Amino acid sequence: MKKWVWHILKNFIRMLLLIFFVSIGAFVLVSLSPVDPLQANIGQAALGALSQEQIDKLEIYWGVNEPPLQRYLAWAGDFLRGDMGISLLYRQSVSSVIMQKLSSSLLLMAFAWIISGGIGFVLGILSGMNRGKRIDRIIKGYALLTASTPAFWLAIIFLLVFSVGLRLFPVGLSVPIGMDAASVSLSDKLWHAVLPAATLSITGISNIILHTREKMIDVMESDYVLFAVARGEKRWEILKNHGLRNVLLPAITLQFASIGEIFGGSILVEQVFSYPGMGQAAVTAGLGGDIPLLLGITIISASIVFLGNFIADVLYGVVDPRMRKGARL
Amino acid sequence: MKRVFVLLAVCLAFASLAGCGKPEEVLSGSDNNQEPLKDTVIVAMGVTSEPEAGFDPAYGWGAGEHVHEPLIQSTLTVTTNDLQIAYDLAKDISVSDDGLLWTVKIREDVFFTDGEKLTAQDVAFTYNTVKEESSVNDFTMLDRAEALDDDTVQFHMAEPYSIWPYTMAIVGIVPEHAYGPDYGQKPIGSGRYMLKQWDKGQQIILEANPNYYGEEIRMKKVTIVFMEEAAAFAAVKAGQVDLAYTAASYSEQAVDGYELLSYETVDNRGFNLPAIPSDGAIGNDVTSDMAIRRAISMGIDRQQMIDYVLNGHGTPAYSVCDKMPWFNNSAVVEHDFDGAVILLEEAGWIAGEDGIRTKEGLRAEMNLLYPANDSVRQALAAEAANQMEELGIDVTIEGVGWDVAYDRAQREPLLWGWGAHTPMEFYNIYHTMPETGLASYSPYKNETVDSYMDQALTSKDLEESYELWKKAQWDGETGTDWDVPWIWLVNIDHLYWAKSDLQVTPQKIHPHGHGWSIVNNVDQWRFE
Numbered sequence: 001m002k003k004w005v006w007h008i009l010k011n012f013i014r015m016l017l018l019i020f021f022v023s024i025g026a027f028v029l030v031s032l033s034p035v036d037p038l039q040a041n042i043g044q045a046a047l048g049a050l051s052q053e054q055i056d057k058l059e060i061y062w063g064v065n066e067p068p069l070q071r072y073l074a075w076a077g078d079f080l081r082g083d084m085g086i087s088l089l090y091r092q093s094v095s096s097v098i099m100q101k102l103s104s105s106l107l108l109m110a111f112a113w114i115i116s117g118g119i120g121f122v123l124g125i126l127s128g129m130n131r132g133k134r135i136d137r138i139i140k141g142y143a144l145l146t147a148s149t150p151a152f153w154l155a156i157i158f159l160l161v162f163s164v165g166l167r168l169f170p171v172g173l174s175v176p177i178g179m180d181a182a183s184v185s186l187s188d189k190l191w192h193a194v195l196p197a198a199t200l201s202i203t204g205i206s207n208i209i210l211h212t213r214e215k216m217i218d219v220m221e222s223d224y225v226l227f228a229v230a231r232g233e234k235r236w237e238i239l240k241n242h243g244l245r246n247v248l249l250p251a252i253t254l255q256f257a258s259i260g261e262i263f264g265g266s267i268l269v270e271q272v273f274s275y276p277g278m279g280q281a282a283v284t285a286g287l288g289g290d291i292p293l294l295l296g297i298t299i300i301s302a303s304i305v306f307l308g309n310f311i312a313d314v315l316y317g318v319v320d321p322r323m324r325k326g327a328r329l
Numbered sequence: 330m331k332r333v334f335v336l337l338a339v340c341l342a343f344a345s346l347a348g349c350g351k352p353e354e355v356l357s358g359s360d361n362n363q364e365p366l367k368d369t370v371i372v373a374m375g376v377t378s379e380p381e382a383g384f385d386p387a388y389g390w391g392a393g394e395h396v397h398e399p400l401i402q403s404t405l406t407v408t409t410n411d412l413q414i415a416y417d418l419a420k421d422i423s424v425s426d427d428g429l430l431w432t433v434k435i436r437e438d439v440f441f442t443d444g445e446k447l448t449a450q451d452v453a454f455t456y457n458t459v460k461e462e463s464s465v466n467d468f469t470m471l472d473r474a475e476a477l478d479d480d481t482v483q484f485h486m487a488e489p490y491s492i493w494p495y496t497m498a499i500v501g502i503v504p505e506h507a508y509g510p511d512y513g514q515k516p517i518g519s520g521r522y523m524l525k526q527w528d529k530g531q532q533i534i535l536e537a538n539p540n541y542y543g544e545e546i547r548m549k550k551v552t553i554v555f556m557e558e559a560a561a562f563a564a565v566k567a568g569q570v571d572l573a574y575t576a577a578s579y580s581e582q583a584v585d586g587y588e589l590l591s592y593e594t595v596d597n598r599g600f601n602l603p604a605i606p607s608d609g610a611i612g613n614d615v616t617s618d619m620a621i622r623r624a625i626s627m628g629i630d631r632q633q634m635i636d637y638v639l640n641g642h643g644t645p646a647y648s649v650c651d652k653m654p655w656f657n658n659s660a661v662v663e664h665d666f667d668g669a670v671i672l673l674e675e676a677g678w679i680a681g682e683d684g685i686r687t688k689e690g691l692r693a694e695m696n697l698l699y700p701a702n703d704s705v706r707q708a709l710a711a712e713a714a715n716q717m718e719e720l721g722i723d724v725t726i727e728g729v730g731w732d733v734a735y736d737r738a739q740r741e742p743l744l745w746g747w748g749a750h751t752p753m754e755f756y757n758i759y760h761t762m763p764e765t766g767l768a769s770y771s772p773y774k775n776e777t778v779d780s781y782m783d784q785a786l787t788s789k790d791l792e793e794s795y796e797l798w799k800k801a802q803w804d805g806e807t808g809t810d811w812d813v814p815w816i817w818l819v820n821i822d823h824l825y826w827a828k829s830d831l832q833v834t835p836q837k838i839h840p841h842g843h844g845w846s847i848v849n850n851v852d853q854w855r856f857e
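Sequence lines, in order, name chains A and B. Counted the way my numbering counts, the first sequence spans residues 1 to 329. Counted the way my numbering counts, the second sequence spans residues 330 to 857.
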């Protein structure tokens with residue numbers, strides 16, 4: 001039991017370290033970025049209508065001439081006190097901007113994550129159990145094809161076919177155009193999430209299929225399955241008694257590790273479907289030189305990805321107690 | 330062929346599934362024939378048009394790069410379709426002889442949507458707040474605003490500023506009693522519309538203010554959705570919006586039920602020509618020759634540029650302020666290729682064997698910069714380079730980022746975009762700065778031009794100031810038209826897809842950038 005606590009604690013410390021380095025990395029990148037926040041946010045044409053005095057005032061607001069180290073320390077100090085700062089663009093606290101954006105992104109990502117995980121797992125098993133047969137070739141072919149399909153491109157195709165061509169789905173947004181917020185139902189929201197989520201899961205699924213398939217093939221070739229076959233167990237029984245637990249491990253790891261990919265993919269997909277979310281906010285913050293917001297988003301995303309991996313790690317132990325020993329290493 | 334059928338079958342399967350899910354949305358595009366006249370409209374704008382900081386005039390709502398009427402709030406003045414000044418809240422405006430004190434009488438019958446009366450105190454509060462907090466509005470010329478009584482407000486200026494009425498046209502008046510850090514999220518105003526809902530990152534829903542003091546509002550509900558260019562076009566093709574911004578690259582397409590609307594703008598593109606000889610850091614030996622600058626302006630075929638680059642959707646630009654009340658017609662130059670050649674030859678620029686001209690050993694060559702992420706400016710730069718080549722000037726083009734563009738424009742031409750509803754832009758481009766004695770975006774100086782502009786700002790009367798701005802361009806002897814430190818190429822038309830039955834009220838000349846300008850008069854739009 002103690003080991004268990006120590007394991008979690010160690011992971012937690014690791015996460016803090018990771019966040020520290022991620023924040024420094026992100027900050028160095030923004031500091032090196034050539035984006036001039038004044039030009040980006042005020043616009044070159046508007047700049048032409050401002051007096052030098054006003055431009056000086058704005059440079060102070062955007063921290064243009066402040067030394068990077070000083071800016072970082074000020075930000076980090078506030079962050080440690082639990083204050084993520086004020087977004088320069090949105091003029092609201094970074095935490096409230098992120099909360100707004102995350103709430104709509106999460107629905108989309110959860111939707112995509114569950115679909116890709118569930119379907120990918122089933123297809124991977126099917127494929128692995130029927131190695132070499134037609135169904136295996138089809139599934140494998142599909143996985144290889146989607147593995148090399150950019151989500152962005154697929155999103156545009158979906159938009160053109162299903163929204164523009166067939167007019168089955170909305171062209172964008174997460175709620176119906178012009179509808180009163182009070183009358184927007186969950187089904188409306190899900191309806192609007194279908195295409196973006198489908199895009200994300202279709203491209204995210206291939207990893208899970210291919211890895212599950214490999215593992216399933218290993219299992220099918222193992223001695224204990226050979227023994228089970230000799231005992232006359234049916235295919236379903238073999239799967240239930242020997243396959244699932246073994247195959248579940250890599251699937252879980254991948255599924256939780258894929259949170260990072262879904263996160264990344266959602267940025268592009270959100271752009272295509274005008275879907276509001278972290279992706280959009282990250283792009284706006286990056287292009288606008290809104291350092292507090294960008295750092296906030298980076299850290300929240302890093303934490304979510306880390307959390308995904310961590311959960312996978314913990315679940316390992318739950319699914320297969322033998323793995324707990326491994327945690328000590 | 331077989332594959333097409335398979336796809337079709339899949340689609341049909343999806344269609345039947347979808348049918349039980351949400352039929353009304355599928356149909357919404359086609360069945361509004363029987364309905365009475367529609368009084369709601371859906372407009373698609375670019376994602377950058379969403380006011381991230383909210384609807385607070387202090388943080389740039391209504392102002393900035395894309396000046397527009399704030400809709401939710403009233404303003405003291407408004408600009409008319411030809412950019413003259415008219416009254417909104419103001420009843421009377423007067424200015425002291427030294428130009429330092431503006432007195433504005435306001436209407437007494439105006440209420441905020443929360444029922445409170447709008448008084449001069451609110452006006453003074455707004456201006457003082459905006460001056461303190463301002464992001465994109467320049468209020469450095471204002472010292473303070475003061476309410477004398479309920480319907481009189483006075484502006485104490487730090488320096489004379491004759492074009493103050495243009496500033497008054499973009500500052501939405503906020504209620505002092507309901508203003509706070511959160512105001513931008515839940516604005517209360519006295520304008521034509523109330524903010525009903527804001528789904529951040531997606532859409533804004535505006536509803537007509539039932540107690541509006543002005544003309545009757547025809548369009549009762551306005552929904553504005555924010556989409557990337559391609560998504561906005563997809564929304565048009567899917568019939569889900571009534572009006573959407575678009576770019577010249579889509580203008581060749583035809584969409585059933587939609588028409589392409591095109592509006593004149595002062596959204597110009599042009600390049601600067603450093604007008605002083607090079608000292609290593611700034612200036613340029615070739616472009617500092619006035620004959621070169623004039624020959625380029627004369628020799629460039631602007632209409633050809635519009636046809637080749639903008640698919641015909643533009644007008645030739647001759648200044649930074651074409652068609653504005655302060656624009657001087659003398660800027661218009663006829664395209665005259667032969668004249669340009671004669672001018673160059675008379676000035677001693679003689680063509681060598683390679684067709685490139687030289688003068689006293691100096692080759693007529695330059696590097697034309699353009700912002701690397703702007704395809705239209707890149708195409709304009711390439712076309713300008715081709716045309717200048719024919720004149721015997723060797724031009725290379727180079728895409729750059731804005732981080733270096735400002736500095737490099739001090740010695741090399743750069744393709745800019747400007748266009749504002751205030752003469753301040755003209756001032757900032759051509760007036761010298763006290764620290765350097767040169768203009769800020771491209772080295773240039775002309776003391777006569779400076780003095781006309783200074784006089785224009787101190788002038789008591791707007792009409793009189795227009796004349797002074799015009800004299801800065803050409804007074805019969807000198808001016809910016811004469812010196813040609815900038816070559817203006819085109820004003821880019823703003824294009825929109827609109828439902829065929831939507832009647833969009835005539836627009837004032839749009840400023841730089843596709844944005845909220847289009848909905849300045851959305852209250853008067855209607856469907857037929």
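FYI, nobody ran anything at the bench for these hints, they're computed from the structure. As the structure is a prediction and not an experimental result, all values here were calculated from the model. Do not rely on the hints blindly, as some may be mistaken.
[What the hints assert, rightly or not] Result set (SDA-like, lysine to any residue): computed pairs, CA atoms no more than 25 Å apart in a straight line: (1) B:Lys529 with A:Arg131; (2) B:Lys515 with A:Ala181; (3) B:Lys529 with A:Leu69; (4) B:Lys434 with B:Ala476.
query = Would the pair Lys434 of chain B and Ala476 of chain B pass a check requiring their Cα atoms to be no farther apart than 25 Å?
reply = holds, 10 Å
Pair hint Lys529 of chain B and Leu69 of chain A, alpha-carbon separation not exceeding 25 Å = violated, 33 Å
query = Do the alpha carbons of Lys515 of chain B and Ala181 of chain A lie within 25 Å of each other, as the hint requires?
reply = OK: Lys515 of chain B and Ala181 of chain A at ~15 Å, within 25 Å.
message = Need the status of pair Lys529 of chain B, Arg131 of chain A: alpha-carbon distance at most 25 Å?
response = With a Cα-Cα distance of about 49 Å, the restraint between Lys529 of chain B and Arg131 of chain A is violated, given a limit of 25 Å.
Violated hints for the displayed structure, listed by number in ascending order: 1, 3.
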